Amino acid sequence: MSDSGLACETGSEHAHRNGEQTHRIELRDVSVRIGSISILHDINAVMRCGEVTAIIGPNGAGKSTLLKAIMGLIPYTGEVRFCAEHQCGAGRPNIGYVPQYLDFDRGTPITVLDFLSLKDQRKPLWLGHKKEMKEAALESLGWAGAAHLISRPLGRLSGGETQRVMLAFALLGTPDIILLDEPVSGVDAAGEEIFAELLRKLQAQRHFTVVLVSHDLSVVTRHADQVICLNKTIHCMGGAIEVLTPENLSRLYGPHVGLHFHPNGVGPDPYA
Amino acid sequence: MLDPIFQIMDSIAPVSWLGPEFMKRAFLALLFIGVACSAMGVLVVNFRMAFFSDAISHSAFTGVAIGILFGVNPMITLVVLGLLVGFGVTRLKEHSDLPTDTIIGVTFSLAVALGIVIISAKRALSRTLEAFLYGNVLAVSDVEVTMMALLLLAVIVFLGLSYNRLFLIGINDSLAQTRGVKVKVYNYIFAAVLALVVTVSIRVVGMLLVTAMLIVPAACARNLARSAGAMFWYSIIVGLISAVAGLALSFKLDTSTGATVILVAGILFILTYPVRMIMERN
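Listed in order, the protein sequences are those of chains G and V.
My numbering applies: residue 9 is where the first sequence begins, and numbers increase by one.
My numbering applies: residue 585 is where the second sequence begins, and numbers increase by one.
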């Protein structure tokens with residue numbers, strides 16, 4: 009884990025500059041069972057500070073479940089530790105989460121500003137928005153390239169717009185860690201690439217730790233520092249080029265399973 | 585007890601239909617309950633909990649029957665049973681994989697059946713029950729009006745402290761959980777406050793129509809509002825208009841007050857519905 013220490017140090021330099029802390033996530037023997045069914049077992053991994061870790065795997069591999077365990081939303085055995093600089097387990101980091109779908113009643117009267125205000129504002133929305141909240145929301149939306157959406161009704165946004173608003177929601181309040189669960193499932197391939205680039209740019213500037221569940225191997229190849237292949241347990245882990253080999257992929261997804269590859273993708277072709 | 589307030593009412597609104605004291609009490613009761621119900625209704629509609637509130641109001645039937653049977657003030661047994669049903673449904677929802685409407689349906693039929701069994705054994709009870717079935721706001725006492733004022737105060741404090749969090753739970757509960765919102769705790773607190781509002785409102789609009797008092801103003805507000813704040817205020821305005829206009833109309837037409845209030849709210853819903861259609865097209 010010496011290299012993760014190095015990554016943290018570059019992170020902590022940044023932290024000293026901006027008064028922010030970046031976090032490393034350590035998973036030790038994490039297992040999740042629902043009743044008698046094992047969803048995940050023996051997960052041991054480190055998601056390093058200030059890096060993008062991509063989790064890939066077939067449907068039902070437990071990718072979303074792993075994110076939920078990291079957030080503490082579901083019961084698990086084993087240990088999930090958050091480490092800031094050289095200290096582990098001291099206080100919970102601020103986690104920004106972008107769910108796979110925002111499943112909600114689209115007829116609910118709520119604007120994008122209302123929605124973002126729900127994250128941190130204590131003053132009830134029927135007494136209006138706090139000025140600082142509006143400024144923070146506008147800044148976050150700006151980061152996600154969605155400032156123009158601030159007064160739009162949330163239920164009337166397109167898939168791509170909703171994803172940007174969800175990213176802005178996750179970015180509010182200077183998160184230490186951002187978890188994204190297939191953040192682009194409602195978006196076309198071009199939108200997915202734009203979204204990944206946006207995330208990379210943000211991550212480089214703000215230096216948070218990113219964990220990304222993705223189906224798109226070309227996005228993963230281009231943007232992830234570390235790749236974890238997951239199917240109930242970890243099958244391979246490491247840098248994108250070394251992990252995304254045809255052998256690993258066919259073992260993970262089964263042979264001849266259709267994978268998301270952009271025609272112009274620069275990643276390794278699993279069928280080559 | 586409420587005499588000073590009645591004097592103020594006489595001086596600011598010297599209308600004939602508000603002359604008698606029972607009308608003044610009814611006016612105040614409708615004002616408090618109208619606002620409390622329409623404010624809570626915003627969350628009931630956004631949470632899809634209309635059927636839940638129906639279960640609580642119908643269980644009141646049994647609450648009243650039990651009260652009369654054992655010689656306890658039926659208002660007390662009614663509130664207690666309402667709270668029990670509210671908590672019971674919330675707990676079953678948490679621990680069972682049955683669909684929510686099935687859980688509510690089972691709980692509520694059980695409560696109503698028990699009530700009917702008690703009443704059928706003691707036929708003399710049925711007259712008292714009628715007042716709770718249809719409500720009788722013209723017969724509320726000073727104590728009841730004061731209780732309703734306190735209930736309104738409690739609702740305002742509750743919605744002042746937790747409107748945002750409840751709204752976030754309503755949008756997406758895992759998102760709320762990632763923000764550290766104790767979703768389960770809020771579900772129980774919400775069920776308790778809703779049970780209180782429903783059971784106290786029964787005295788005013790009756791158990792058959794109490795859900796309407798909760799959801800019709802909020803439904804009108806959903807027709808009109810684009811934001812979470814606006815929905816709250818539109819709902820209260822519709823609730824107030826329905827309460828005052830309904831009381832005045834019922835006095836003039838000599839009809840049941842609770843039902844007339846709901847009828848006015850229903851007409852407002854029909855009138856506001858096209859607004860939503862127009863907004864959706866733009």
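Honestly, the hints are just simulated from the structure, not real lab data.
Fair warning: there could be bad hints in the mix.
Taking lysine-lysine and the DSS-like style, the derived pairs with C-alpha atoms no more than 27 Å apart in a straight line are [what the hints assert, rightly or not]: (1) G:131 / G:142; (2) V:677 / V:608; (3) V:768 / V:608; (4) V:836 / G:138; (5) V:766 / V:677; (6) V:608 / G:131; (7) G:142 / G:240; (8) G:142 / V:766; (9) G:131 / V:766.
Partial chain V-side listing against chain G, Cβ under 7 Å, derived [what the hints assert, rightly or not]: (10) 697; (11) 704; (12) 708.
Here are the simulated distance ranges between beta carbons [to be verified]: (13) G:159 / V:682: 36 to 44 Å; (14) G:181 / V:837: 24 to 32 Å; (15) G:212 / V:682: 35 to 43 Å; (16) G:46 / V:686: 28 to 36 Å; (17) V:653 / G:46: 26 to 34 Å; (18) G:85 / V:773: 29 to 37 Å; (19) G:128 / V:810: 47 to 55 Å.
These numbers come from a predicted model, not from an experiment.
Ideal placement from N, C-alpha and C gives every residue a C-beta, glycine not left out.
Against the structure, the hints:
no.	hint	verdict
1	G:131 / G:142	13 Å, holds
2	V:677 / V:608	42 Å, violated
3	V:768 / V:608	41 Å, violated
4	V:836 / G:138	46 Å, violated
5	V:766 / V:677	16 Å, holds
6	V:608 / G:131	34 Å, violated
7	G:142 / G:240	42 Å, violated
8	G:142 / V:766	25 Å, holds
9	G:131 / V:766	18 Å, holds
10	697	33 Å, violated
11	704	41 Å, violated
12	708	47 Å, violated
13	G:159 / V:682: 36 to 44 Å	41 Å, holds
14	G:181 / V:837: 24 to 32 Å	56 Å, violated
15	G:212 / V:682: 35 to 43 Å	49 Å, violated
16	G:46 / V:686: 28 to 36 Å	30 Å, holds
17	V:653 / G:46: 26 to 34 Å	53 Å, violated
18	G:85 / V:773: 29 to 37 Å	31 Å, holds
19	G:128 / V:810: 47 to 55 Å	22 Å, violated
Hints 2, 3, 4, 6, 7, 10, 11, 12, 14, 15, 17, 19 from the list above are not met by this structure, while the remaining hints are.
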